[in-house]
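Participant: First to last, the sequence lines map onto chains R and B.
Counting from 1, one number per residue, gives the positions in the first sequence under our numbering.
Counting from 1001, one number per residue, gives the positions in the second sequence under our numbering.
By construction, these hints were calculated from the structure, which means they are not laboratory data.
For every residue, glycine included, the Cβ atom is placed at its ideal position computed from N, Cα and C.
Each hint should be verified, as a subset may be incorrect.
Between beta-carbon pairs, the in silico distance windows are [what the hints assert, rightly or not]: (1) R:Glu2 with B:Gln1043: 57 to 63 Å; (2) B:Val1142 with R:Pro69: 35 to 41 Å; (3) R:Lys154 with B:Arg1048: 38 to 44 Å.
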Amino acid sequence: METRKIKTPLTKEIITSLSAGDMVLLSGDVYTARDAAHRRMYEALKKGLPLPIDLSKATIFYAAPSPTPEGKVIGSIGPTTSYRMDVFTPALLEQGLRGMIGKGNRSPEVVEAIKRYGAVYFGAIGGIAALTAQCVKRMEVVAYEDLGPEAIRKLTVVDLPLVVINDSQGNDLYLSEQNKWRIKAV
Amino acid sequence: MNTENKKSNPWRRINTRRVTETVKKLFIKANTHLGEDVVSALQSAQAREESPIGRQVLTKILQNADIACERAMPICQDTGLAVLFVEIGQDVRIVGGDLKTALEEGVRQAYEEGFLRKSLCDPLTRANTGDNTPAVIHMDIVPGNQLRIIAMPKGGGSENMSAARMLTPSAGIDGIKKFVMETVEKAGANPCPPIIVGIGIGGSLEQACILAKKALLRPVGEKNVSDERLTQMEAELYTRINELGIGPAGLGGRVTTLAVHAEMMPCHIASLPVAVNIQCHVARHKETII
């Protein structure tokens, strides 16, 4: 299958052109945020407080890298399992979040919200973090530094290989591909 | 009198400094060098995978293991909760401090000096402990005068998909298989397939979990030949799990599991405890005997 190059910020045109199963190489800025950062952003929104990052057309990578050795841009990095962010996700999509990078299934509520807000959920391969780190050209902690590995970082990535799992039309790649290869019991 | 005592007490002194140093090296090595058994299981998985995406994923997993090894980088950013299995020979005398502190210090140094991610936090406030301790330490007293240390960094994603259940004795072997299949199917793409499935049967609730975790320490794909019922169960579940179609990274394919390892011991007449410990494809553990 052909691999398409796309850039952040993810515009409406880019998002509507993406379908579940598309292989893409993503370049541009993305934020890392996982469990603790999501909880904190969600609580800030509930209290009507501003978020530390602008989520408009933004992409979040559910990840926390290993520490950066001297002279390197980043340690190893890869996706964490996405479902734990599901309870917080619709509220962030409402704030303008348009791209999410992770691994594993999303809840029906998130799949519905992805469709409603016109967003996209990309899968990155888990457990290939030394390889994925090669795509990161810059890293900067931008919020919640006290969370250590879970702090929000801005990454500049070049050609990060991803596959579209949930597209803005409501398709789910895991469902369709796993069913295709499943050997049905007779 | 003294000479006789020496003969009947072949005590061997092991300094805690050596324990700390060993633990540190083991965790760094485990996190950067994938075991040869895992690599060869992945290579044979790649050879039999029919899905083109599945083959691509396996190629990248193998490439990543090479890069991590060459550059001494963590194979996965989740460098795990530090699980230690320690077998202490009953004729070993630990000197220089206390053993548990020495083990914890080894973990602390490994995660700091090895640039490994500190992934431990308070369960409720979620505040990071800052040094990846405390470790989970399983200690056993065994015959002899040696100290065996197994370091197993265990990732959170696959641990989250693991489960234990107290079945009724009437559920029998079919009930066990059903529980394993349900657990693996529900896990889907989450635990970074291809996975290794560790099964613990019997004992008590916690013993079944320990058996399941110990099953993951076996070289990948080595059968449990000590009990024919387990040999058969491992083979059957291996086939059935790979028929689920989950595939590498959950993107569909023939290879969902690299191996199923089961361990068993007797249990209470009222119970049938079963634990399923799921291990991602970055199956890490290293050991040393001092």
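Participant: Give a verdict on every hint.
Facilitator: Hint check:
About 28 Å separates the C-beta atoms of R:Glu2 and B:Gln1043, a value inconsistent with the hinted range of 57 to 63 Å. Roughly 38 Å separates the CB atoms of B:Val1142 and R:Pro69, a value that falls within the hinted 35 to 41 Å. As the Cβ distance of R:Lys154 to B:Arg1048 is approximately 41 Å, the hint placing it in 38 to 44 Å holds.
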